[in-house]
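> Sequence:
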Amino acid sequence: MSRSNKPMFGGRSHVADWERTQKPRVWRGQVRLLLIVLLSIITYISLPAMLYYTIRLVTDPGQQWDTWAIGSLIAFVSSLVKGIILSTLTKCSLCHGTPLLSRKCRKHTIANKLPFLSYRASAVLHILFTGKFRCMYCSTPFRLGRKQ
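Quick note: the sequence shown uses our numbering, first residue 3, plus one each step.
Please note that the accuracy of each hint is not assured.
To be verified - Cut-off 27 Å, straight-line C-alpha distance, at most; resulting in silico cross-link-like pairs (DSSO-like, lysine-lysine):
no.	residue 1	residue 2
1	LYS25	LYS134
2	LYS84	LYS25
3	LYS84	LYS134
4	LYS106	LYS134
5	LYS115	LYS93
6	LYS25	LYS109
What the hints assert, rightly or not - Pair by pair, the computed Cβ-Cβ distance ranges are:
no.	residue 1	residue 2	range
7	LEU96	PRO50	33 to 41 Å
8	THR61	ARG108	40 to 48 Å
9	THR111	ILE76	38 to 46 Å
10	GLY133	ILE47	29 to 37 Å
11	CYS140	LEU49	39 to 47 Å
12	ARG58	ARG148	42 to 50 Å
13	LEU146	ILE76	43 to 51 Å
14	THR132	THR69	32 to 40 Å
15	ALA123	ILE76	17 to 25 Å
16	THR69	SER120	41 to 49 Å
17	THR69	LYS106	25 to 33 Å
18	ASP68	LEU40	25 to 33 Å
19	LYS84	GLY147	42 to 50 Å
Calculated directly from the structure, the hints in this document are not laboratory data.
Glycine residues also receive a C-beta, built at the ideal position from the N, C-alpha and C atoms.
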């Protein structure tokens with residue numbers, strides 16, 4: 003076991019070695035997963051845009067900032083609501099949890115978690131850049147692609 007995986011007070015970690023090294027499973031319903039990632043990205047982009055255009059609308063009302071502010075508000079609200087609904091319907095095949103919607107349940111110690119981000123944002127970025135992610139509740143690794 004590597005030095006970073008050892009607990010601080012001696013003994014072995016409660017996470018088994020096979021759990022860290024298991025091969026990723028293929029995620030069923032990949033179109034829904036990619037749609038959730040797309041909606042999350044739209045939400046992350048439209049929030050600062052909405053704030054910017056609203057501030058511009060208040061400071062300079064003579065320009066055409068109202069259409070941009072309303073458009074970014076509609077994009078933010080619709081992508082947020084659709085993303086939450088789809089994330090609620092998406093379940094892990096092993097633990098039946100919602101791996102892209104954070105609940106108050108205990109998260110697994112080896113789930114994807116980037117500093118200063120939530121488990122959902124970390125999973126979305128892992129899917130976007132690597133095509134893989136871990137369920138935040140049972141730590142089962144999943145990947146995009148075909149069954150081999």
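> Using the Cβ atoms, figure out if THR69 sits within 25 to 33 Å of LYS106.
Between THR69 and LYS106, where Cβ atoms are some 40 Å apart, the hint is violated.
> Could you say whether the range 42 to 50 Å given as a hint is met by the Cβ separation of LYS84 and GLY147?
The hint (42 to 50 Å, Cβ to Cβ) is violated, given that LYS84 and GLY147 are roughly 25 Å apart.
> How does the Cβ-Cβ distance of THR61 and ARG108 compare with 40 to 48 Å: does it lie in that range?
Given range 40 to 48 Å: holds, Cβ gap about 46 Å.
> Does the Cβ distance between CYS140 and LEU49 fall inside 39 to 47 Å?
With a Cβ separation near 30 Å, CYS140 and LEU49 fall outside 39 to 47 Å, so the hint is violated.
> Quick one: are THR69 and SER120 within 41 to 49 Å, going by C-beta?
32 Å, violated
> Is the hinted range of 42 to 50 Å satisfied by the C-beta distance from ARG58 to ARG148?
For ARG148 against ARG58, whose Cβ atoms are near 46 Å apart, the range 42 to 50 Å holds.
> Quickly compare the C-alpha distance for LYS106 and LYS134 to 27 Å and report which way the hint goes.
23 Å, holds
> Could you see if the CB distance from ASP68 to LEU40 stays within 25 to 33 Å?
27 Å, holds
> Regarding THR111 and ILE76, is the given constraint of 38 to 46 Å on their beta-carbon distance met?
Given range 38 to 46 Å: holds, Cβ gap about 40 Å.
> Need the status of pair LYS115, LYS93: alpha-carbon distance at most 27 Å?
Holds, at about 19 Å.
> I want to verify a distance hint. Is the separation of the beta carbons of GLY133 and ILE47 within 29 to 37 Å?
21 Å, violated
> In this structure, is the beta-carbon distance linking ALA123 and ILE76 contained in 17 to 25 Å?
Roughly 22 Å apart at Cβ, these two residues keep to the hinted range, so it holds.
Violated hints, in rising order: 2, 10, 11, 13, 16, 17 and 19; the structure is consistent with all others.
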